[in-house]
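Following the hints, put chain P in place on chain C, whose structure we already have.
Taken in sequence, the protein lines are chains C and P. 89 is the number that the working numbering gives to position 89 of the first sequence; each next residue is one higher, with no gaps. 251 is the number that the working numbering gives to position 251 of the second sequence; each next residue is one higher, with no gaps.
Mixed in with the good hints there might be a few duds.
Stated by the list, open to error - Cross-link-like lysine-lysine pairs, in silico, DSSO-like; alpha carbons within 27 Å at most:
no. : chain 1 : residue 1 : chain 2 : residue 2
1   : C       : K28       : C       : K124
2   : P       : K147      : C       : K40
3   : C       : K124      : P       : K37
4   : P       : K252      : P       : K147
5   : C       : K40       : P       : K148
6   : P       : K38       : C       : K40
7   : P       : K38       : C       : K124
8   : C       : K26       : C       : K148
9   : P       : K4        : P       : K179
10  : C       : K60       : C       : K163
11  : P       : K100      : P       : K38
12  : C       : K176      : C       : K161
13  : P       : K4        : P       : K67
14  : C       : K40       : P       : K37
15  : P       : K132      : P       : K157
16  : C       : K163      : C       : K148
17  : P       : K38       : C       : K62
18  : C       : K40       : P       : K152
19  : P       : K37       : C       : K62
Said to hold, decoys possible - Chain P stretches covered by chain C per the calculated footprint, using a threshold of three residues with CB under 8 Å from any CB of chain C:
no. : stretch
20  : 24-34
21  : 37-46
To be verified - Taking CB as the label site, the calculated pair distances span:
no. : chain 1 : residue 1 : chain 2 : residue 2 : range
22  : C       : G167      : P       : S70       : 32 to 40 Å
23  : C       : D91       : P       : M1        : 35 to 43 Å
24  : C       : R142      : P       : I90       : 51 to 59 Å
25  : C       : E55       : P       : D11       : 51 to 59 Å
26  : C       : P140      : P       : M1        : 27 to 35 Å
27  : C       : G135      : P       : S3        : 38 to 46 Å
28  : P       : S88       : C       : R142      : 56 to 64 Å
29  : P       : S60       : C       : D91       : 28 to 36 Å
Since the hints were derived computationally from the structure, they do not count as laboratory data. Glycine residues also receive a C-beta, built at the ideal position from the N, C-alpha and C atoms.
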Amino acid sequence: MEKAHILGEDEIYRIIRRISHEILEKNKGPENLVFIGLQKRGVPLADRIVENIEEFEGVKVKSGKLDITFYRDDIGSDIKHNARITDISFDIEDKNVILVDDVLYTGRTIRAAMDAIIDFGRPKTIQLVVLIDRGHRELPIRADYVGKNLPTSRDESVEVKLKETDGIDSVIVKGKE
Amino acid sequence: MLSKKSIIDPDDLSLEDINLILTNADSFLEISGRDVKKVPALRGKTIANLFFEPSTRTRSSFEIAAKRLSADIINFSSPSSSIVKGESIIDTLRTILSMKVDLVIIRHGDSGVVKIVDGIVGVPVINAGDGKHQHPTQALLDLYTIKKRFEKFDGLKVAIVGDFINSRVARSDLTLFEKMGMKVSIVSPAMLLPEDFSKMNVKHCIDDVIEESDIIYMLRMQFERQDRKFYPSIMEYNRFLSLNLDRLIRMKPGSIVMHPGPVNRGIEITDEVMEVGGSLRDKVAIEYQVTYGVAIRMAVIYLILS
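Isolated chain C, as found in the complex (with noise of 0.2 Å):
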């Protein structure tokens, strides 16, 4: 049951503008950034925001696809088992990792995350970009850059649809089913 429509198409393009340039501010420019977006919303996140550093600096800086499934820490409830592809083909040593997701719920996607990214190698930093932050932290965890903070009880759901993988860009709210 949808309770409250809270992004549309024109507020995601603008929060996603607003985060390439906090980035690039953040860390002085596009050097030595990559991204990794996280299966699967965050993956067509992370080339927005490539796209537009393209855009505002004439630089196309590198981004990877993280499946997290293999560093879940709830391995024997109901999941889904089927893996979806990573794909990191560049040395992330030294380099300023930007972690992106559509929404940080406990932060337990982005502490396995964080695992499977140090397999990679060691990073000189870990930032995270979140679309939607709804609370409910399990975990010390927070987001660098957030597009919307977006208080929820534990019975609701958040549901981010992206044109990529959905068709549409939007983010709702969800009562209890």
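Chain P in isolation, oriented as in the chain C frame:
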């Protein structure tokens, strides 16, 4: 999730199971290409690798697969003496199970033993080859090798060549290849063919299939399981069944050669073919089978235990 917890026979696998395993294998192949070839997926799980028959490849393939998933694995190898076999197996299993293992991988020289074990142990079991019966993970890795090369199964022409009577690989491959819609020809002399195969369309010389096949699958001559002489001479085998350079050259463009290993050089496949260079090198997919085997076994273990 797989439809059954244990994998004993290729018939235990539904079409959905097979596709799930093959899809997951892609992720595990990627992990094996990393500098750190390990993910924490099965941390804290314990696997028993029980080999009652000598094996280096399959045993190490399962062992590497388990380790890359961060599972703990204990190896138990024992050549089975003939008469106390039944007893020793049950005793061994009791010991192993008392250590609280989560999965048993087992190879045994006698057909059907793995199925009996599966009924006893109460944890999932993977058949790593039982006698002349079945070797399901070999057939899965063979499918995966074919999928990686051809990106489809339907309509591909496969010729399986050699010793059928002693080969569990042949039985498992035949089942899965046909299940995936491939057209399978059998090339074997009458004395290396089990009775239940005699009504099938069997050819007796590799030359009958060499030009039309997409895949030439050479079986290993199982001397270790031949208690009597099954074939008159190696020269005769060479004339009708061996893959030599001349035959390799006659294979059609894009076609491949497979073999479950270890190759009896000079019998199933000649040295010239094993060492061939240039553009023909690409036809020999045997080393790919080994690499893909680790990914397939990671997928199978992961899907059973997760």
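For the stretch 37-46 of chain P, do three or more residues have a beta carbon lying closer than 8 Å to a beta carbon of chain C? With 5 residues in contact (Cβ-Cβ under 8 Å with chain C), the coverage given for the stretch 37-46 of chain P holds.
Hint check: K132(P) vs K157(P), CA-CA at most 27 Å. Holds or violated? holds (25 Å)
Quick one: are S88(P) and R142(C) within 56 to 64 Å, going by C-beta? At 58 Å between Cβs, range holds.
Sort out whether K161(C) lies within 27 Å of K176(C), counting only the CA atoms. The given pair, whose Cα atoms are some 19 Å apart, holds under the 27 Å limit.
Please verify whether K4(P) and K179(P) have alpha carbons no more than 27 Å apart. holds (18 Å)
Confirm or reject the claim that G167(C) and S70(P) have a C-beta distance inside 32 to 40 Å. For S70(P) against G167(C), whose Cβ atoms are near 38 Å apart, the range 32 to 40 Å holds.
Note whether the CB distance of D91(C) and M1(P) lies within 35 to 43 Å or breaks it. holds (37 Å)
Quickly compare the C-alpha distance for K38(P) and K62(C) to 27 Å and report which way the hint goes. Judged against 27 Å, a Cα distance of about 24 Å means the pair holds.
Within 27 Å, alpha carbon to alpha carbon, are K28(C) and K124(C)? Holds, because 15 Å separates the two Cα atoms, which is no more than 27 Å.
Between K40(C) and K37(P), does the CA-CA distance stay at or below 27 Å? Within the cut-off at roughly 23 Å; holds.
Given the hint that K26(C) pairs with K148(C), does the C-alpha gap stay at or below 27 Å? holds (19 Å)
Run the distance test for K40(C) versus K148(P): straight-line Cα separation, threshold 27 Å. Holds, at roughly 24 Å.
When the structure is compared with the earlier hints, no violation turns up for any of them.
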